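Q: Below are the chains, spelled out letter by letter.
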Amino acid sequence: MKAIVFTALGDLRRRVGQTAALTCALLLSSLALFTAAALLQSLDAPLDDACDRLNTSALQLFLDGHSDDVPAMQAWLQQHEAVAAVGPPIPIYQTSSDLVHNEEAFSRALMLAENLPRKGLDAVQIVTRLGDPTAAAPGLDEVWISHQLATSRGIQLGDTITVPREGGPWPLRVSATVVDPYFSTDNISPTRAWVAPGALAHALPLADLNEVFLGVSLHQRADAGQVRDDLEQAFGGGLSGFALTHEIAKMAHGMFFRIMAVALGVAALLTLLVSILIVAGAVGSAVFADYRLIGTFKAMGYTPAMVNRIYLLRFTIPALIAVPLGLLLGWLVSAQLLALLVGSLGVTDPQWSPLLPALAAGAGVLTTVAAAAWWSARKAGRVEAMPAIRFGAPPPRAGSHRRSVPLGRLPLPAFLGARGLALNPVRAGFAVIGMGVAVAVLVCAVNLTATFERLGENRPMWGMAASDLTVFVGGARFSVRSEHFAARLRQDARVADFVTSGTVQGEIEGVKGIAGARTGGRVFDGAPETVGLTVLEGRHPEGAGEIALAINSALKGGYALGEPVPLFIEGQHLKPKLVGIYQTGQNLGLGFRLHAATMNAVLPMWQARTFEIKTAAGVDPAAFKDDLIRTYGEAVDVGLASDLTEQLAGLVTGIRGTLMLLSALLLAICLISIYNDTLLCLREQQQTLGILKAAGMTPGRLRLVLVWRTQVVTLVSLVLFLPMVLVALPLLLNQIAAGIGLVSFPLVIDPLGTVLIVPGLLAFAFAAAWWPARGVTRLHPRHMLAY
Amino acid sequence: MEALLTAVNVKKTYLEGTRRVPVIGGLDFNLYPGEYVVVMGSSGSGKSSLLYLLGGMDTPCAGSIQIGGGKLEAMDETKRALMRRERIGFVFQDFNLVPHLSLLENILVAGYLGTTSRRAVRERARELMALVGIEHLADRRPAQTSGGEQQRCAVARALINDPDIVLADEPTGNLNGANSRTMLDLFDTIHGRGQTLVMVTHEPAAACRAQRVAYMADGSIEEFAFPDHVASEGREALLLNWLSERGW
Ligand SMILES: Nc1ncnc2c1ncn2[C@@H]1O[C@H](COP(=O)(O)OP(=O)(O)OP(=O)(O)O)[C@@H](O)[C@H]1O
Ligand SMILES: [Mg+2]
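For the protein sequence lines, the chains are A and B, in the order given. Residue 1269 is where the first sequence starts when you use the working numbering, and the numbers rise one by one after that. Residue 516 is where the second sequence starts when you use the working numbering, and the numbers rise one by one after that.
Keep in mind that the hints are not guaranteed to be accurate.
Taking beta-carbon pairs under 8 angstroms as the criterion, some of the chain A residues facing chain B (in silico) [what the hints assert, rightly or not]: (1) Gly1964; (2) Gly2043; (3) Thr2045.
These aren't lab readings, by the way, just hints derived from the structure by calculation. Computed from a prediction, not measured in an experiment: that's the story for all the values here. Built from N, CA and C at the ideal position, the CB exists for glycine as well.
Using the sequences provided together with the hints, build the complete structure.
A: Written out as structure tokens, the structure is:
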């Protein structure tokens, strides 16, 4: 054993560069793996803990007191065997237009709830507060907002938030920030805020106070969805509000971190794969380069198992250094991320144990490396002493000479580079696969970034109208009639085209979303094609008695073109014929489109009041918007398409950031892998290179021999993987995105970006190989024989 | 006659960690066109080191080496490589053929380095293989040929670019008696065709084929020139006598 450790350590010392490369790869791999595991492990616990602490009800119902029979529902729920307790109905009011904070409008919808006693259910935890520290509720013109909203918007205690209402603005002073577990994320809207008991009735007209919140505490949180469905069933299928379950809240709360964890996990696995390739390649070529030495060891009396163990040790020692370091760094990174995650829940100390992720990541990386090293070192055990000592190289395989690259018209570096590849085809294969992973990630990154960046231009495929302006006519006090507004638009030279529409809620038999049986639908008075909206199959409804369904609604309900679709809308049961199926990325791919005639048959007074306008060429939509507001004032509510782009900017930045991080990680691994591969090559071919040097090959061309090799590898990877990924990516995305209704994912292929990957990666590989290839200039005839 | 190669006061010291190992200290050496010089000396006396210096594979710590008017110590790596390509051919003790290339390809790889057309290089390679007597082995790999055949291929490779000087470091060191004699005969042949040769050897019998012996000891050179008109048996006796005076 001593002899083995001695030999392995000696080998390590000689190959510092290569050992460093492997150590880096394994470090990155265990770092990413640990962080992914830690995030996934600790993602849910903080919210669960907060809910336990505050006795948060697993099912929160937001009902319409006018159309839902709240007391009856309350009684029904109390009888349900899964229900532990039902809280009292709490009056709520949802804001519908922009709030004002510090004279700046911000578009977060608030749900103001009266802070009545709730039998210990749905308590809130005060994080910071002003005034009387014992007060159980905010004062009359005060509001308690969620800690998360305060930190993300920069709202201070004592600031004023102004809520718009019919009778003029309603200023509320922020007197405390609280933890309200389900509402501690940007991903759930509206955000709940608490006002004084009786404040809503005091400040708002009675007509606006129809909504109530009902907290339902369950024995098992997981039953929330079932209880909600049972309730709907029992009350004739029509809950008019929405329901929030613990599951949904959990999903929304951890969304960003879950995406990150999954991305990191994927990156970790890819890094690990490349590490395996590095180890397998390094062992393979170490065996190749050490051929004569191995023969000598054997002659000295080393058994095959001992020789195998030298290499096993040689490659697990870097792992033993890299893994603890990687885990340590992973622990630091995870602690930061988790602190971010729980910060919104008012928890300062995220209680998480790094033990399990450390064990999983550490054991995973170590065993993988050891297995890869052992497996590829078996070859060393099989080396035959005699030919090894005599020729210093594996005996030529029969016929292999014929198949290899001929020394024809190729430039010498290219010929030698290619020969080097043919010499160790297994390692060349590994190099190609490793590079292929980078190609795949880059192609995905480039085109997904393009997809999200150009989402604005591609709106119809995502189910959104491709208009320049959206105008909603009909303010509460001053209003303009739809048909008058339409008549004006028709005469306006600045308008190229427009279509009117409105939204309705309806229920389709057999189709249920996460928030209940109600699905949002859109009614068009005109052709949706005007603003680019298309169907996958059939056509849009052109009159009464016709309906188009979003793909997931059609699939869930099992409706085919031509069949009648039972639709419950505005208190009436209809059976329009299915004439078209379209795709949308909204509402998980659920929804329907109707023609205005259908609505007018139900509600003769119904009017489409949303105008989707395409401006004429050369017209500035923003100026047009200003003009509309000057002309119509409060009677219109105008939105710009560019607002959407602005709203999406955050999402796009996030996605681009994640993809860039992933690409950077992969490129770093690639750099390491090329560096390592070049060093190995230098070693494998040092005799050849030494001879050429003696024969007068210039240092530059000697380096080119090594660089050519990686160029060939990169080119082969590009040729193999680029088209493959371009074909596979849309198919894969269609599969993945079908769940949210995008059966034909609106992928935007960025041809320039994709094509640029080719020279970009070749240049990258060139640079990555050029540096380690400097070793050729130090070759000396004394090095020509490896030993 | 003007010297082809001139070494003046050349010094070489290796660094072993922080310890300095002086190997060559102030050596002078001249080589004239068409000469056949043998370098002798005990093991570790620096013969190989000298050959690498003369061939521009290594740089002297002090002194000057001129080949055809160019100063080696003033050239960078690239210039030295170009110089080697044009003027120097190396033959090593360990043959050092590329194991995965055929014998012919081993010769071509060196020939293709230059600017000569590939067709001309191929023709010359065939001629040289015939000259060294391995034309029938063109497609064999080194591992499929004998040591003597491999070394003859190495000689052909050294000659492919028509060098001014062939530097051979114990070319017969790994060969048995018969093969060794064939190799030396080959050297005589190419010398006969006007090739300038410097060969390191341990065997006085081999050294007798040269015109001059440079004996290395204590980092410098003492020279012995064979007198004209002495039969080959007589040459060996003279050389042995001269060597024994120097503690051979
Ligand atoms: N890179 C080096 N570092 C330190 N010492 C070296 C180095 N290379 C050679 N030497 C030393 O320089 C001396 C001369 O070496 P060289 O190979 O030139 O001898 P040589 O005359 O060719 O010997 P031999 O007849 O055994 O081949 C030796 O003592 C050797 O140990
Ligand atoms: Mg020597």
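Q: So, for every hint listed, does it hold in this structure?
A: Outcome of the hint check:
The beta carbon of Gly1964(A) comes within 3 angstroms of a beta carbon in chain B, closer than 8 angstroms, and the hint placing it at the interface holds. At its closest, the beta carbon of Gly2043(A) sits 13 angstroms from a beta carbon of chain B; the interface hint therefore is violated under the 8 angstroms criterion. Restraint check, Thr2045(A) versus chain B: the minimum CB separation of about 6 angstroms is within 8 angstroms; hint holds.
Going down the numbered hints, you'll see the structure goes against just number 2.
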